[in-house]
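Enquirer: Take the sequences, apply the hints, and build the full model.
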Amino acid sequence: MKVSSEIFYCLIIGLISTFFMGSALESYFWERFGSLSLKNKICRNHLLWTVNQTRASQCFLKCLKGGDGCQAVFHNGLASTCQGHSLVLTQLDDCKDEVGSNYYQKCSSKRKKNCQEILCSGQHATGIYTIYPDDVSNGVSVRCDMDTDGGGWTVFQRRVDGSVTFNRLWTDYKSGFGNKNTEYWLGLDNMHKLTSQGNVTLRIDLIVPGPPQRSAYAVYSKFTVGNESSKYILTVDGYSGNAGNDLYQHNGKKFSTTDNDNDELALNCAVEWHGGFWFKNCHPVNLNGLYVSAGIWTGIIWKNLSGPYVSMTYTEMKLR
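Using the UniProt record's numbering, read the sequence shown as starting at 1 and increasing by one per residue.
Calculated from the structure, these hints are not laboratory results. None of these values were measured; they are calculated from a predicted model. Warning: the hint list may mix true and false statements.
What the hints assert, rightly or not - Here are the computed distance ranges between Cβ atoms for each label pair:
1) N251 with T165: 23 to 31 Å
2) T171 with D97: 45 to 53 Å
3) T126 with D93: 33 to 41 Å
4) N52 with P212: 55 to 63 Å
5) V160 with A79: 44 to 52 Å
6) T126 with V99: 32 to 40 Å
7) V99 with Q213: 40 to 48 Å
8) N281 with G241: 17 to 25 Å
9) S137 with P212: 46 to 54 Å
10) V51 with N281: 53 to 61 Å
11) K39 with E228: 36 to 44 Å
12) N138 with N251: 29 to 37 Å
13) N304 with A266: 24 to 32 Å
14) V271 with A125: 39 to 47 Å
Claimed, not checked - DSSO-like, lysine-lysine: derived pairs with alpha carbons at most 27 Å apart:
15) K222 with K303
16) K62 with K110
17) K254 with K180
18) K39 with K96
19) K254 with K113
20) K113 with K180
21) K39 with K222
22) K65 with K113
23) K231 with K180
24) K303 with K231
25) K110 with K65
26) K62 with K113
27) K222 with K280
28) K113 with K222
29) K303 with K280
30) K65 with K41
31) K96 with K41
32) K222 with K41
33) K180 with K110
Glycine included, each C-beta is placed from N, C-alpha and C at the ideal position.
Expert: So, in structure tokens, the structure goes:
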């Protein structure tokens, strides 16, 4: 039996346990119908129905063709059960362990809101794509990282070669600037919209110059950027990684630029350190500083890795 709606849907796999048992989000593996998303667990949130079904493909088929608003399933091949849900899971507050039970959710056929939805639709190459966050009718061009930690990351800041100056005014940081193939800033308005779409994880990848050159990363399981009236206030929490938890010291801080000073010092950190950021007083992190080989706090700084004198040669801030 042919299912025409298959061309509009795929099913996601990836471990989503950032909000359950403290696990970090793990890799996604993509197939025609998708793959595993939540292993050996079953939930009753938004439950529609439960049927006996040995094969996962038939479980998917019932969800796709049922006409009942099914958006996700738990399938247990060991117990031959299939359980349909009216909404994809965002919280795991009615769940229990069940060996063999795995979670799958539909990918929307509508315009994609972020790079994770683009990956789900079958686009697996890192590159430039158009996304449609809430309230953005014309779309936004973004760089999608489809390689790191399973892919699906929407990149909103990138420094690789110093080709773009980040010492800019409020309006530039608000709307975005740069070249998505090299260095760019997506824009605070877009970042606010993207972090208002549900639970969002922030990942920051860094390269520290040598010798020896080394890479590092920081992941925050909670990440939001406020609206302009809040001065795009930053919220980060739930750190993991090997770069150090430096960004948490900027948690709850407003964004500052040379012409819009919102930091906690009498001086303007954006003027002193040559770029806009969520400054407190002023560091330990400034990823929008000068692209220089060395300096005293003036470069691209992640204090735990570089101290005040060494500037990062690569940064990429991204969300999923």
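Enquirer: Confirm or reject each hint.
Expert: Going down the list of hints, with the structure as the test:
1. Between N251 and T165 the beta carbon distance is about 27 Å. The supplied range of 23 to 31 Å therefore holds.
2. Distance hint for T171 and D97: a CB-CB separation of about 52 Å, consistent with the stated range 45 to 53 Å.
3. Between T126 and D93 the C-beta distance comes to about 35 Å, which sits within the given range of 33 to 41 Å.
4. Between N52 and P212 the beta carbons are some 58 Å apart, a value that agrees with the proposed interval 55 to 63 Å.
5. Separated by about 50 Å at the C-beta atoms, V160 and A79 satisfy the suggested range of 44 to 52 Å.
6. Judged by the Cβ atoms, the range 32 to 40 Å given for T126 and V99 holds: they are separated by roughly 36 Å.
7. At about 44 Å, the CB distance of V99 to Q213 agrees with the hint of 40 to 48 Å.
8. In this structure, N281 and G241 meet the distance hint of 17 to 25 Å, their C-beta atoms being roughly 24 Å apart.
9. For S137 paired with P212, a C-beta distance near 48 Å keeps the hint of 46 to 54 Å intact.
10. Under the hint 53 to 61 Å, the C-beta atoms of V51 and N281, about 59 Å apart, fit the expected range.
11. Checked against the hint of 36 to 44 Å, the C-beta distance between K39 and E228 comes to roughly 41 Å, which is consistent with it.
12. At roughly 33 Å, the beta-carbon separation of N138 and N251 lies within the given 29 to 37 Å, and the hint holds.
13. For N304 paired with A266, a C-beta distance near 26 Å keeps the hint of 24 to 32 Å intact.
14. Distance hint for V271 and A125: a CB-CB separation of about 40 Å, consistent with the stated range 39 to 47 Å.
15. A hinted pair counts as satisfied when its Cα atoms are at most 27 Å apart, and K222 with K303 qualifies at roughly 21 Å.
16. Restraint check: the Cα-Cα separation between K62 and K110 comes to about 20 Å, which is no more than 27 Å; the hinted pair holds.
17. Of the supplied pair hints, the one linking K254 and K180 holds, its CA atoms being roughly 25 Å apart against a limit of 27 Å.
18. Straight-line distance between C-alpha atoms of K39 and K96 comes to about 11 Å, which keeps the hinted pair within the 27 Å bound.
19. Restraint check for K254 and K113: the C-alpha separation of about 26 Å stays at or below 27 Å, so the hint holds.
20. Of the supplied pair hints, the one linking K113 and K180 holds, its CA atoms being roughly 18 Å apart against a limit of 27 Å.
21. Only pairs whose Cα atoms come within 27 Å are accepted, and K39 paired with K222 is accepted, the gap being roughly 22 Å.
22. Taking the CA atoms of K65 and K113, the gap is about 24 Å. The hint holds against a cut of 27 Å.
23. A C-alpha spacing of about 25 Å is found between K231 and K180, which places the hinted pair at or below 27 Å, so the restraint holds.
24. For the proposed pair K303 and K231, the alpha carbon gap of about 24 Å is at most 27 Å, so the pair holds.
25. For the hint linking K110 to K65, the alpha-carbon distance of about 17 Å falls within 27 Å, and the restraint holds.
26. With a C-alpha separation of about 26 Å, the suggested pairing of K62 with K113 holds against the 27 Å cut-off.
27. Between the alpha carbons of K222 and K280 the distance comes to roughly 19 Å, so the proposed pair stays at or under 27 Å and holds.
28. Taken as a hint, the K113 and K222 pair is honoured in the structure, with Cα atoms around 19 Å apart against an allowance of 27 Å.
29. Under the criterion of a C-alpha separation no larger than 27 Å, the hint pairing K303 with K280 is consistent with the structure, at around 14 Å.
30. Our distance criterion of 27 Å between C-alpha atoms is met by K65 and K41, whose separation comes to about 25 Å.
31. Taking the CA atoms of K96 and K41, the gap is near 6 Å; set against the 27 Å cutoff, the hint holds.
32. With a CA separation close to 23 Å, the supplied pair K222 and K41 stays within the 27 Å bound.
33. Distance restraint check for K180 and K110: the Cα-Cα separation of roughly 24 Å lies within the 27 Å cut-off, and the hinted pair is therefore satisfied.
Violation of the numbered hints given earlier is absent; every hint is satisfied by the structure.
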